[in-house]
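Number of protein chains: 6
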Amino acid sequence: MAKKVVTLGEIMMRLNTSGNDRFSQARQLSVFYGGAEANVAVSLARWGLEAVHVTALPDNAIGEAAGRDLQQFGVSVEQVFYIPGRMGLYFMETGSMQRSSQIIYDRFNSAFSNFGGEEVDWDRVFEGADCFHWTGITPALSRKAADLTLKAIKAASAKGLLISGDINYRRNLWNFGVDPLEVMPELISYSNLIVAGATDLYNCLGIDEEDYEVACRMAMSKHAAIKFITNTERNHISATHNKLRGQLWDRENMMVSKTYDMPQIVDRVGGGDAYVAGLIYGLLHMRSDEAVEFATAAAVLKHSIPGDKNLASLEEVQDLVKGENVGRLLR
Amino acid sequence: MAKKVVTLGEIMMRLNTSGNDRFSQARQLSVFYGGAEANVAVSLARWGLEAVHVTALPDNAIGEAAGRDLQQFGVSVEQVFYIPGRMGLYFMETGSMQRSSQIIYDRFNSAFSNFGGEEVDWDRVFEGADCFHWTGITPALSRKAADLTLKAIKAASAKGLLISGDINYRRNLWNFGVDPLEVMPELISYSNLIVAGATDLYNCLGIDEEDYEVACRMAMSKHAAIKFITNTERNHISATHNKLRGQLWDRENMMVSKTYDMPQIVDRVGGGDAYVAGLIYGLLHMRSDEAVEFATAAAVLKHSIPGDKNLASLEEVQDLVKGENVGRLLR
Amino acid sequence: MAKKVVTLGEIMMRLNTSGNDRFSQARQLSVFYGGAEANVAVSLARWGLEAVHVTALPDNAIGEAAGRDLQQFGVSVEQVFYIPGRMGLYFMETGSMQRSSQIIYDRFNSAFSNFGGEEVDWDRVFEGADCFHWTGITPALSRKAADLTLKAIKAASAKGLLISGDINYRRNLWNFGVDPLEVMPELISYSNLIVAGATDLYNCLGIDEEDYEVACRMAMSKHAAIKFITNTERNHISATHNKLRGQLWDRENMMVSKTYDMPQIVDRVGGGDAYVAGLIYGLLHMRSDEAVEFATAAAVLKHSIPGDKNLASLEEVQDLVKGENVGRLLR
Amino acid sequence: MAKKVVTLGEIMMRLNTSGNDRFSQARQLSVFYGGAEANVAVSLARWGLEAVHVTALPDNAIGEAAGRDLQQFGVSVEQVFYIPGRMGLYFMETGSMQRSSQIIYDRFNSAFSNFGGEEVDWDRVFEGADCFHWTGITPALSRKAADLTLKAIKAASAKGLLISGDINYRRNLWNFGVDPLEVMPELISYSNLIVAGATDLYNCLGIDEEDYEVACRMAMSKHAAIKFITNTERNHISATHNKLRGQLWDRENMMVSKTYDMPQIVDRVGGGDAYVAGLIYGLLHMRSDEAVEFATAAAVLKHSIPGDKNLASLEEVQDLVKGENVGRLLR
Amino acid sequence: MAKKVVTLGEIMMRLNTSGNDRFSQARQLSVFYGGAEANVAVSLARWGLEAVHVTALPDNAIGEAAGRDLQQFGVSVEQVFYIPGRMGLYFMETGSMQRSSQIIYDRFNSAFSNFGGEEVDWDRVFEGADCFHWTGITPALSRKAADLTLKAIKAASAKGLLISGDINYRRNLWNFGVDPLEVMPELISYSNLIVAGATDLYNCLGIDEEDYEVACRMAMSKHAAIKFITNTERNHISATHNKLRGQLWDRENMMVSKTYDMPQIVDRVGGGDAYVAGLIYGLLHMRSDEAVEFATAAAVLKHSIPGDKNLASLEEVQDLVKGENVGRLLR
Amino acid sequence: MAKKVVTLGEIMMRLNTSGNDRFSQARQLSVFYGGAEANVAVSLARWGLEAVHVTALPDNAIGEAAGRDLQQFGVSVEQVFYIPGRMGLYFMETGSMQRSSQIIYDRFNSAFSNFGGEEVDWDRVFEGADCFHWTGITPALSRKAADLTLKAIKAASAKGLLISGDINYRRNLWNFGVDPLEVMPELISYSNLIVAGATDLYNCLGIDEEDYEVACRMAMSKHAAIKFITNTERNHISATHNKLRGQLWDRENMMVSKTYDMPQIVDRVGGGDAYVAGLIYGLLHMRSDEAVEFATAAAVLKHSIPGDKNLASLEEVQDLVKGENVGRLLR
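Just so you know, the protein sequences line up as chains A, B, C, D, E and F, in that order.
Per the working numbering, the first sequence runs over residues 2 to 332.
Per the working numbering, the second sequence runs over residues 2 to 332.
Per the working numbering, the third sequence runs over residues 2 to 332.
Per the working numbering, the fourth sequence runs over residues 2 to 332.
Per the working numbering, the fifth sequence runs over residues 2 to 332.
Per the working numbering, the sixth sequence runs over residues 2 to 332.
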């Protein structure tokens with residue numbers, strides 16, 4: 002029977018300029034919907050898991066469109082609440098070569114950030130679930146969102162689920178008057194899989210250590226629940242050429258995946274979410290050293306697909322891990 | 002020498018679905034920039050006047066794009082201020098036949114609504130000007146915006162400019178906790194040209210009278226500064242078929258334009274602004290009965306042009322008034 | 002609690018030229034997915050009912066895309082089977098004025114037409130259902146499809162569901178060597194709502210009578226299960242201008258809806274399916290004279306929406322019935 | 002055996018704004034190729050005749066593209082000469098309702114206007130031909146082009162072909178320092194079918210008579226070769242709504258076609274050429290009163306098709322003459 | 002005088018997703034027409050040869066569009082037969098980096114596969130011809146198509162033409178119940194130029210030998226008619242980065258072309274056909290070692306051009322062979 | 002206070018095929034406006050300078066569109082004259098890999114080439130100016146344009162401005178019957194900054210010396226006004242992969258910038274103009290060794306932006322010089 006994963010987080014509308022147009026040249030913007038946690042849910046549903054995403058969307062036609070977008074990938078939308086408020090947005094222009102890609106966020110005061118989540122019956126949502134995934138973006142949005150995250154994590158913990166937290170620290174998100182260090186450590190303390198680089202560990206756990214393995218050890222010694230810390234290492238050669246590898250620390254070993262060369266990136270947004278989805282899938286279905294390879298391959302394939310979601314199938318990820326059919330013309 | 006007109010108001014980004022797509026079908030949105038007052042400035046600049054638009058835009062690449070869009074039509078952007086904040090937005094889907102067009106506004110808390118306008122030296126801005134144009138949208142946005150409007154109107158009045166105010170009452174705009182009747186009468190009391198239907202006069206001046214001419218007389222007897230009250234009458238046969246005429250009350254006569262049949266509307270947004278621009282142009286350059294014909298012809302041509310702005314030339318409007326070259330293939 | 006409706010039928014990929022391009026000019030084709038019965042399911046799901054569509058799709062990426070398209074509108078895809086075979090297709094060019102629209106079908110030998118439906122547990126599918134809807138397209142496709150239709154109808158009849166059959170006779174579909182009169186009368190004999198014009202009644206029931214009301218009486222006297230016969234009357238003024246009204250015979254009265262003028266049709270495909278969905282919704286929720294008005298209004302709104310599906314909301318249909326907000330700019 | 006028609010004239014590249022965009026809004030221009038005479042050749046080839054078009058195009062990739070465009074419709078390109086020079090161009094924006102469509106020509110000094118035609122072996126070209134078609138646009142371009150036209154007409158006359166001349170007088174074309182009255186009468190004097198309205202007859206034959214039938218009689222009494230004079234009458238209700246009928250004077254009767262209502266014109270460019278092609282086809286294959294109906298129906302269908310060429314099939318034109326399948330959905 | 006080449010084979014409609022969209026994201030599909038043999042004919046016509054393509058297309062508007070597409074490139078369509086049936090199709094999504102491109106074929110039971118070719122008068126078709134080209138795709142389609150291929154080959158052989166056969170073995174094509182080894186050896190036995198890799202030689206000639214040169218020798222010793230065996234070697238670094246070189250065995254020498262690096266492939270479909278066209282052109286006009294260079298350069302240029310056809314001119318191919326003007330901005 | 006720069010030169014409309022389409026595949030052309038000198042003005046205005054462009058455009062809607070395009074970037078259009086005549090055009094197809102990009106010019110006899118410039122009051126234009134920039138394209142167009150250039154240079158020289166001349170020798174431009182060596186030396190003799198490679202120096206100054214530094218010394222010894230000679234060195238690996246560096250000779254030192262790798266060029270048109278703008282900016286604001294780095298970085302960023310204009314901001318250029326934020330995702 003398929004594993005069940007629950008995710009919580011905001012879905013945004015992404016408005017992207019065409020090709021390599023700059024914002025000032027844009028007469029048309031492409032519409033995508035996505036969110037760090039919903040992207041994970043979509044990957045897992047695509048790979049055959051039962052995925053339930055908990056969120057709030059505006060009760061207007063734009064919100065409905067976002068909900069349908071999620072639903073088409075087979076993610077359950079039973080826990081999507083339509084409430085008054087605005088849609089979180091971000092505008093993006095895609096760079097090339099030396100010119101960076103740019104994102105302008107416009108997500109303040111969105112319906113989700115004002116969502117208290119009283120309507121969610123967590124017990125029922127987590128029934129039969131194997132994993133709960135949250136990210137550090139949600140508690141950064143508002144006090145209400147931080148409280149909601151904690152409530153969900155505690156309920157998941159009580160049910161004994163695998164709890165996955167992608168720290169994803171972004172300085173300019175934390176605007177509601179609280180230091181991440183007041184909020185994040187408690188959330189992390191219940192979590193079993195932590196996605197975090199050294200900077201995240203510093204900003205959200207106060208661990209001031211540049212050596213990643215040492216920092217991981219320190220985080221784990223503080224928080225017994227943490228079983229895995231993971232991260233991707235990205236080498237930015239240019240806006241359209243990166244190298245990527247994943248690493249996973251399991252309290253004993255630092256497992257490092259193959260390094261992939263990505264010289265003609267189509268869309269890097271959601272690459273990290275594809276990695277996390279791959280890791281959750283991997284940890285639920287394979288050995289942890291296999292999981293990190295699976296996760297990295299998933300992340301790489303995401304870079305070849307427009308939009309925020311990883312539409313690569315299970316077979317495609319597995320083939321890439323094995324090095325089969327790579328870059329062929331499949332008939 | 003060309004007349005000079007100053008306008009004050011917010012510029013928004015409009016995101017429109019393609020063709021007759023519904024929001025849930027949109028994979029691409031067309032980008033337009035516009036605002037009731039800026040649209041008037043663009044028309045007047047297009048027709049050879051000196052036009053200065055006073056506004057605030059976000060200090061990011063989206064705000065810059067909006068500023069450049071205005072600048073390309075020859076409106077002076079010297080009084081455009083780039084400040085922190087978000088861009089006001091609206092999403093639109095264009096209906097057809099019995100299906101209405103729909104707008105979803107997302108303009109709350111925009112850079113402009115938080116703009117106090119302390120940077121504006123009104124004396125310098127109004128130097129050599131002939132006319133100042135404001136609309137009832139600005140005071141509806143926020144206390145700051147209402148105060149700014151009053152300050153501008155008073156300065157214009159002190160300089161003896163023709164002051165034009167488009168009442169444009171929209172119930173769901175007035176969200177900052179004040180009744181329009183506390184704010185609008187004072188603004189109107191300084192104005193010489195008022196664009197208002199009976200509903201506007203009721204909501205913004207408290208005149209409870211359905212007969213438009215009687216209501217106009219009552220408004221004028223209250224406010225000695227008002228010399229003209231004007232309005233368009235629109236018959237909605239369907240989303241793509243309207244009839245339109247203009248009417249202008251000059252304290253003595255109700256002048257009514259020809260009625261135009263518009264059976265295949267391309268874009269009706271900005272039709273009212275095109276009318277107001279036409280009327281301001283008309284009152285500055287011709288007899289008032291000619292002005293209402295000119296204004297209505299301008300409004301009609303706007304309905305054939307995509308976007309918020311009326312890109313019809315002076316000659317095109319004049320030709321339509323005269324009934325020349327209508328619907329031909331000009332080589 | 003929401004009513005539940007089950008539909009059975011093929012989903013095709015529609016490839017449409019852009020704007021008014023002819024096939025020979027097409028460098029791009031728009032992709033839509035639809036099918037007479039699935040379109041009904043989408044309408045009903047959009048209006049809050051539980052809708053389950055039973056079909057087979059090719060087990061490739063095109064088939065998956067069709068399944069996701071259905072899923073996004075909230076139709077249950079639990080009974081969508083992915084089997085070897087090809088996708089049924091149709092190509093369409095949209096006419097204008099005197100030039101007709103044209104469809105080229107390429108649906109022969111599709112996965113669905115070879116689907117025996119052995120996998121379907123009809124008892125389980127019909128559990129809690131209120132209505133089953135089929136059309137005369139399915140039995141026309143192949144012997145297997147005809148047998149499947151009969152099996153489904155019998156199971157629905159045994160459960161006491163309202164059975165709706167849209168006769169939809171098309172001469173060039175019946176290619177598998179059987180006369181419709183050998184197949185259709187039995188299918189119709191179990192059905193309670195029949196969508197049929199006089200030609201359909203002649204070809205599928207052998208009723209040779211031009212007077213529609215008389216023909217309806219004859220059909221009903223033959224088949225006691227039939228409670229309603231309905232039809233739309235369409236006046237083709239041009240490819241882009243039609244008039245439409247619905248009529249419903251309930252064994253006693255011929256109820257006729259308002260006639261709607263549609264002078265600028267966006268997309269007429271799926272107009273009939275929108276009508277049927279409206280009638281099913283109506284018969285499940287209102288008086289039959291109200292149902293025919295609701296159904297016709299739904300059909301009219303469909304003509305303003307690109308693609309095969311009626312994306313009009315319940316409120317929009319109800320407003321059109323009441324004549325409210327027609328052709329306005331809703332803010 | 003199929004009839005053979007030879008045409009002579011310039012092919013231009015047409016650059017059209019999208020939808021109803023004005024020139025200043027255009028970020029994309031649609032590319033079409035066409036010319037008054039080549040459009041006639043395409044229609045006739047589409048309807049099964051052998052069509053040979055004589056022209057010169059620039060010897061670069063743009064010229065080649067124009068040549069291929071012609072070739073795809075089965076017009077023989079054996080007499081297309083690639084020579085140094087520029088492509089004739091025209092820019093077009095498509096109006097709507099009261100706003101006129103506009104064309105900006107940029108055809109001066111094109112390769113064709115400098116083409117002397119020495120390479121053409123007219124005897125060989127006209128071998129087996131039934132008809133030669135020229136228009137008044139060619140002699141207007143340059144002295145060389147005028148001489149070439151005369152040479153071709155004389156050769157056609159010597160072979161006893163039906164000679165068709167579309168006068169098509171446009172004041173701003175005649176720029177090479179000659180009055181049309183010095184050139185056109187001789188060209189007309191050899192022609193058997195003249196397409197001309199009263200204005201054309203005045204400007205190109207000096208016939209100063211407003212009554213069309215009287216003017217036709219006068220033209221014919223001057224030039225014995227003329228057997229038919231024809232014209233379309235177009236009523237411009239708006240840029241997107243015209244009415245059209247054809248009339249043909251055969252020295253004895255004025256035959257007038259049905260009047261067609263065209264309320265949603267897709268593209269009116271080439272409508273006149275479609276009419277001329279229809280008339281040539283008609284005069285070669287049917288009675289003259291049937292020919293004028295065929296020609297008008299062809300012209301009407303052209304108005305529903307994007308681009309300069311009439312892509313309607315013989316059957317479609319015949320159906321429209323008979324009033325069959327008009328505005329239907331053909332499956 | 003130009004050489005004349007005859008080709009025989011199916012033309013398919015290709016429906017390609019935009020950019021790097023996956024099938025499930027496609028709202029628009031680009032339309033191309035192509036076929037392995039027709040692509041060769043187009044190349045050769047583009048380079049000045051007389052090319053005649055023999056095929057059957059559906060007798061509907063889609064078939065006509067395919068015929069016109071071929072005709073525009075100057076290929077003779079006199080031997081294109083329009084018969085009842087469906088158009089062969091294939092759907093394609095273009096990969097990037099590690100993600101492969103994918104093709105879904107939908108060509109079963111096409112008009113061409115049911116075409117017996119009785120209408121073709123091979124003697125007349127081959128009159129004056131220098132070369133006949135066929136591929137292993139045609140005999141794989143159906144018994145009728147296999148018989149037609151043999152008939153054509155025998156007629157070409159009787160006339161003493163250079164016969165070129167591109168083996169192009171694809172396992173999933175041979176569905177009509179026959180082993181390739183029952184059909185292909187006879188077809189090959191009449192052919193002079195064979196395009197085949199080691200796998201093709203194994204599957205279609207039963208030569209079980211991995212060393213390519215040895216396998217070539219073995220094939221030639223079996224079939225005296227074979228004068229040349231050729232192949233391209235493609236190194237798949239990724240979906241968008243390949244390396245390519247050609248090799249040609251002439252019974253004595255293995256001639257190998259330069260290896261080209263192709264790091265940003267635009268469209269690889271038709272690359273092999275461009276190579277074959279280059280080789281035929283080469284063998285008819287230059288030394289065989291020059292031919293393999295010409296052919297490889299042609300194949301490389303094809304990879305930079307959207308669609309199935311190689312639109313590179315003779316000069317462009319020759320320049321690339323010489324290394325001139327490579328990657329410049331030519332003004 | 003901002004520096005002021007005046008530029009003189011033609012603006013052309015560029016019509017570019019989409020993606021990598023060849024001219025013969027183009028159904029849509031993208032519209033850009035640009036010109037070597039106007040591109041420099043746009044860069045400088047974007048970076049905060051006051052920029053005035055002197056030119057003539059056709060007095061039609063296309064000319065107006067070109068003027069507005071310039072105006073949107075804040076370049077003063079007070080010295081843009083609208084006169085009768087045609088717009089200069091160029092058509093472009095963008096190559097890929099080994100296939101070169103191609104430009105077809107169609108600029109002969111444009112409005113600008115016939116512009117005598119009598120309307121320009123150079124004294125007033127140069128008031129307060131710091132720099133005047135011209136290129137060798139203008140004198141190549143016509144005698145009138147050559148005279149106008151000289152007049153402007155002399156006036157600038159009299160005012161003591163920094164005069165910058167981009168030699169930009171193109172053989173096929175000089176069509177009006179004069180050798181560049183009769184015209185260019187005088188123009189150069191007044192200039193202080195010369196953009197020229199060895200070929201330019203040979204063709205326009207008669208300096209026959211391949212060693213660039215020696216040639217620079219010779220040019221300077223002839224013309225005392227020249228203080229700087231500069232150039233970019235471009236290595237064409239393919240149409241989409243170049244390497245670029247700048248070099249600047251200041252009578253004493255040859256300063257050479259970093260070499261940039263550009264493996265995925267978006268649009269190389271205007272790269273040289275971006276370099277010149279960077280150098281002018283640099284020489285007005287920084288040391289000359291810094292200027293050449295700034296200029297080269299500006300040129301590199303231009304290659305990532307569609308169209309002729311460099312839309313990179315001052316900060317983006319400065320960041321690239323410092324190697325900061327290169328190819329990142331900026332949030």
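Be aware that one or more of the hints could be misleading.
Since copy identity is lost for identical chains, a pair holds within one copy or between any two.
Each computed DSS-like pair below joins lysine-lysine, with the alpha-carbon atoms no more than 25 Å apart [unchecked claim]:
id	residue 1	residue 2
1	Lys259	Lys223
2	Lys160	Lys223
3	Lys259	Lys145
4	Lys244	Lys152
5	Lys4	Lys152
6	Lys145	Lys155
7	Lys244	Lys323
8	Lys259	Lys4
9	Lys259	Lys244
10	Lys155	Lys323
11	Lys145	Lys228
12	Lys228	Lys152
13	Lys323	Lys160
14	Lys145	Lys323
15	Lys259	Lys155
16	Lys4	Lys160
In case anyone wonders, no lab produced these hints; they're calculated from the structure.
In this text, all values refer to a predicted model and were calculated from it rather than measured experimentally.
Handout entry: Lys259 and Lys155: within-copy, between-copy, both or neither at 25 Å Cα
Key = neither (36 Å within a copy, 55 Å between copies)
Handout entry: Intra- versus inter-copy proximity for Lys323 and Lys155 (alpha-carbon distance at most 25 Å)
Key = neither (39 Å within a copy, 47 Å between copies)
Handout entry: Same-copy or cross-copy closeness of Lys145 to Lys228 [CA-CA at most 25 Å]
Key = Close neither inside one copy (28 Å) nor across copies (53 Å); limit 25 Å.
Exercise for the section: Can you give me the call for Lys4 and Lys152, within, between, both or neither, at a CA distance of at most 25 Å? Expected result: within (23 Å within a copy, 35 Å between copies)
Practice task
Could you figure out if Lys244 and Lys323 sit no more than 25 Å apart (CA to CA) within one copy, between two copies, both or neither?
Solution key: For Lys244 and Lys323, both the intra-copy (18 Å) and inter-copy (22 Å) Cα distances are at most 25 Å.
Problem - Alpha-carbon proximity context of Lys145 and Lys155, limit 25 Å - result: Within. Shortest intra-copy distance 15 Å satisfies the 25 Å Cα cut-off; inter-copy 44 Å does not.
Problem - Intra- versus inter-subunit Cα pairing at 25 Å for Lys259 with Lys4 - result: This pair counts as neither: shortest intra-copy Cα distance 27 Å, inter-copy 53 Å.
Problem - Lys259 and Lys244: within-copy, between-copy, both or neither at 25 Å Cα - result: both (10 Å within a copy, 23 Å between copies)
Handout entry: Alpha-carbon proximity between Lys160 and Lys223, which holds within one copy, between copies, both or neither at 25 Å
Key = Result: close within a single copy only, 22 Å intra versus 62 Å inter.
Problem - Intra- versus inter-subunit Cα pairing at 25 Å for Lys259 with Lys145 - result: Close neither inside one copy (40 Å) nor across copies (51 Å); limit 25 Å.
Problem - 25 Å Cα threshold - placement of Lys223 relative to Lys259 - result: neither (30 Å within a copy, 48 Å between copies)
Problem - Intra- versus inter-subunit Cα pairing at 25 Å for Lys244 with Lys152 - result: neither (38 Å within a copy, 55 Å between copies)
Checked against the numbered hints given earlier, the structure breaks hints 1, 3, 4, 8, 10, 11, 13, 14, 15 and satisfies all the rest.
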